[in-house]
Amino acid sequence: MANPVLQVENLTKRYGDVHAVRGISFEVAEGEVFGLLGPNGAGKTSTIEILEGLRDADGGRVSVCGFDPKTQSGELKREIGAALQSTALPEKLKVIEALDLFAGFYQRRRNKEDLLKRFGLVEKRTAFYGQLSGGQKQRLAMAIALINDPKVVFLDEPTAGLDPQVRREIYDVIEELRRDKKTIVLTTHYIEEAERLCDRVAIVDHGQIIAQGTPRELKQASADKTRIEVRLAREESEETLRTLEGVNDCRAVNGNYVLHCQRPPQAIVSLVKHLEAQSNELVSLEISTPSLEDVFIELTGRRLRD
Amino acid sequence: MTNLLALTRMRVRLALRNKMFFFFSIVMPLGFFFLYSAVFAKSVPQKVQYLLGPVLGLNVMGSFWGLSATLVSFREQGILRRFHVTPATATDMLVSSILANYALTFPTTITELLLAKFVFHVPGLGDLLSVFLLISIGTTSFGSLGLVIASVTNTMQETQVLNQLLWLPLIFLSGATIPFTYLSSLVQQIALFLPATYLVSGLKRAIVDGHGPEKLLLALGSLTAWFLLTLFLSSQLFRWEPEARISKKAKLYVVATAIPFLLLGLWENKYGRVIAEEKVAIKRLEQADRAERRAKQKDKQQNPDAPDQDDSDQEH
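Going line by line, the protein sequences match chains A and B.
Sequential numbering from 20 applies to the first sequence in the working numbering.
Sequential numbering from 2 applies to the second sequence in the working numbering.
Hints listed in this document are in silico derivations from the structure and should not be mistaken for laboratory results.
Glycine included, every Cβ here is placed at the ideal spot set by N, Cα and C.
Hints may be right or wrong, so weigh each one.
Said to hold, decoys possible - For lysine-lysine, the following DSS-like pairs were computed, each having C-alpha atoms within a straight-line distance of at most 27 angstroms:
(1) B:20 - A:143
(2) A:113 - A:143
(3) A:113 - B:20
(4) B:249 - A:111
(5) A:89 - B:20
As the list claims (entries may be wrong) - Some residues of chain A that are not near chain B, with every Cβ distance over 10 angstroms (derived):
(6) 151
(7) 185
(8) 209
(9) 301
Okay, chain A solo, but in the shape it has when bound:
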């Protein structure tokens, strides 16, 4: 990769007996939005907090903006911005005061009024932090993350716990940052978030990266191009459906069957023939390209939000 802003090599972290991060490696290029996608407890937050200099790694090599977070955390912290998980600001601090306060920590500062405008907080400038809604708090957190015009922005689960509409608001903001060519590392357990916002995604499970690439690459490489979801009048065994000509894989999901196939027409013909022979009936059939969710299920055998 040309000019990676961030390099992680064989990173490990344990908490007592728990091996939270087990040899994670990736690189992030300048101007890229990189996503760590995985279920809760996969090791995403530990990884990102090591990159931010909040925790020390047990093993591996990390470089962020050319600095080692363990030994050069002072220099590193001037160059990064972060919206953390499980954090807060004092209840009785006003929005504009919070921006002032954090601006005070940096030499390079962005214009506060621009940030207020951009994050839709102009009307809330004199409101106390304690009076803000969840979405407003998150927008403020992101505005603060940008106050030093950072080289890399870390967003740890930026939409966790927000309702769908507020989540879309946050997506809009992140998409705007992406258009500005900000380098962003974000973690999420929402597939649609990774698919919509990230240039590249690493799927993390049990402290390891199990797949990495652009959302399109991931979908093409692991799930065989087409996904056919069928509802049948009577039950069939997954095993039999899997052996049909043209079908690569079959899983029962919520009473439906999801077939992955490389040559859909052939798969459909063989499926219909099989059903006729069994005097079973096809109730409905839906063809789509696989989502990252399918990729995740295929790689881990589990749904992301079990």
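Go by the hints and put chain B onto chain A.
Only chain B this time, still in chain A's reference frame:
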């Protein structure tokens, strides 16, 4: 430096918006001031002067309470970890706490001194430089004790228990509430191990006897040493993360903050003057009290019809 200023400004601002601060750091100290001056000292200027040291001592010592609670709540709510991703350091967090606490406590102590002078007409405020130095080093060292408490406790509940455990002996044994000489000699000897005792007696000597800083080196020096030790310890034990727990061994560190006063207490018990000076001060106060009473009686005998304002004050 700018980190420090930004954080200090935030702490002052938040405290001024906090009702608890308003009550514990303004209403209560002034309440104590009027209780001591008008009720215990019955507004007799000389007695008000004698009790001014204890009143200021209470105010100054109270610093650790608010500081430890604020820092622990910041940690529990995940506010500290947000600062941890900025260039602000642990030292910035700790020193800004002490500066803010000083800025918030100092005006109340000045108010108390002014009230004593202009409302209760005390004979004098003693050596002002000594008073200023004692208040300053007292506020910073007790604030720093609060930082150690915040560092060695894991939850707000633990913090409040430890605060209580420390507060009671500090106020009852130091001479801040019960005059030192009324305590049994054993308790007096124990009190000589407490930093608060040196603060309160130092303030009394400065105000009542007008001792300059050169005569108060014991109090000033021991409190300064204690401040440096507590600040060092709190910087070593500082934790940003709410889930970070402190090891049992580290809790023993807190014992180390008592070392200067352990040594001082031993020395003071053997060769010291604090108790003797206190006895002299009390004796002088009693003599003055008797003299005044005699003078008043004489006055009354000579002019029985005159309304006697001072006497009625003494009765209540």
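Just pull the numbers of the violated hints for me, sorted ascending. 4, 5
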